[in-house]
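> Sequence:
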Amino acid sequence: LGSFQGRPALILHDEGKIQVLDLQTGAALRSVEVPNDWDVSPYLADEGGKYLAAIVKAPGQFNGPNQERMMVWNLSTGEIVMERDVKYIPQDWIYSRGQSISQLLFSRDGKRLIAAGRQSVQIFDLP
846 LGSFQGRPAL ILHDEGKIQV LDLQTGAALR SVEVPNDWDV SPYLADEGGK
896 YLAAIVKAPG QFNGPNQERM MVWNLSTGEI VMERDVKYIP QDWIYSRGQS
946 ISQLLFSRDG KRLIAAGRQS VQIFDLP
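The opening residue of the sequence shown carries number 846 in this note's numbering; numbering runs sequentially from there.
To be clear, the hints were calculated from the coordinates, so they are not data collected in a lab. Watch out, some of these pointers could steer you wrong.
Said to hold, decoys possible - Quick list of in silico lysine-lysine cross-link-like pairs, DSSO-like style, CA-CA up to 30 Å:
hint, residue 1, residue 2
1, Lys-862, Lys-902
2, Lys-862, Lys-895
3, Lys-956, Lys-862
4, Lys-902, Lys-956
5, Lys-895, Lys-956
To be verified - Quick list of the computed label-pair ranges, beta carbon to beta carbon:
hint, residue 1, residue 2, range
6, Ser-886, Ser-965, 30 to 38 Å
7, Ala-961, Asn-881, 38 to 46 Å
8, Ala-873, Asp-930, 12 to 20 Å
9, Arg-957, Glu-878, 18 to 26 Å
10, Met-927, Gln-869, 18 to 26 Å
11, Ala-872, Arg-929, 30 to 38 Å
12, Ser-921, Gly-871, 32 to 40 Å
13, Ala-873, Glu-924, 24 to 32 Å
14, Asp-970, Gln-948, 12 to 20 Å
Because the structure is a prediction, the values reported are computed rather than measured. Glycine is no exception: its CB is placed at the ideal position from the N, C-alpha and C atoms.
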């Protein structure tokens, strides 16, 4: 659950897409493609409906022991605006064997993305 441009919305991951649906009408408001149908969890849209952030998982595709990548899409264009491999860099990134990032949160102004794991928190400025 979340919001999209001030409207209550359901965010659904299915068959290689993340879709934002209007809760009142059930209409698809926006859809973004997940590369190669990679598994997605967690995922979240900011309150203004500008960005969608997700952790994608694809064993054998990314660096590090967790095989995850953090991705952020611009919901207006569907363009990927940020991609970061989730890898073990002891003083620079979040790491816990088996799950690096368990929570995503946007700042209230929508200008930052906060990623939290078991051992630390990382804040990213968004374009």
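> Are the hints correct? Go through all of them and say.
Taking the hints in turn, this is what the structure says about them:
no., hint, in the structure
1, Lys-862 <-> Lys-902, "holds (14 Å)"
2, Lys-862 <-> Lys-895, "holds (17 Å)"
3, Lys-956 <-> Lys-862, "holds (24 Å)"
4, Lys-902 <-> Lys-956, "holds (25 Å)"
5, Lys-895 <-> Lys-956, "holds (10 Å)"
6, Ser-886 <-> Ser-965: 30 to 38 Å, "violated (20 Å)"
7, Ala-961 <-> Asn-881: 38 to 46 Å, "violated (26 Å)"
8, Ala-873 <-> Asp-930: 12 to 20 Å, "violated (30 Å)"
9, Arg-957 <-> Glu-878: 18 to 26 Å, "holds (25 Å)"
10, Met-927 <-> Gln-869: 18 to 26 Å, "violated (31 Å)"
11, Ala-872 <-> Arg-929: 30 to 38 Å, "holds (32 Å)"
12, Ser-921 <-> Gly-871: 32 to 40 Å, "violated (21 Å)"
13, Ala-873 <-> Glu-924: 24 to 32 Å, "violated (18 Å)"
14, Asp-970 <-> Gln-948: 12 to 20 Å, "holds (18 Å)"
Checked against the numbered hints listed earlier, the structure breaks hints 6, 7, 8, 10, 12 and 13; every other hint is satisfied.
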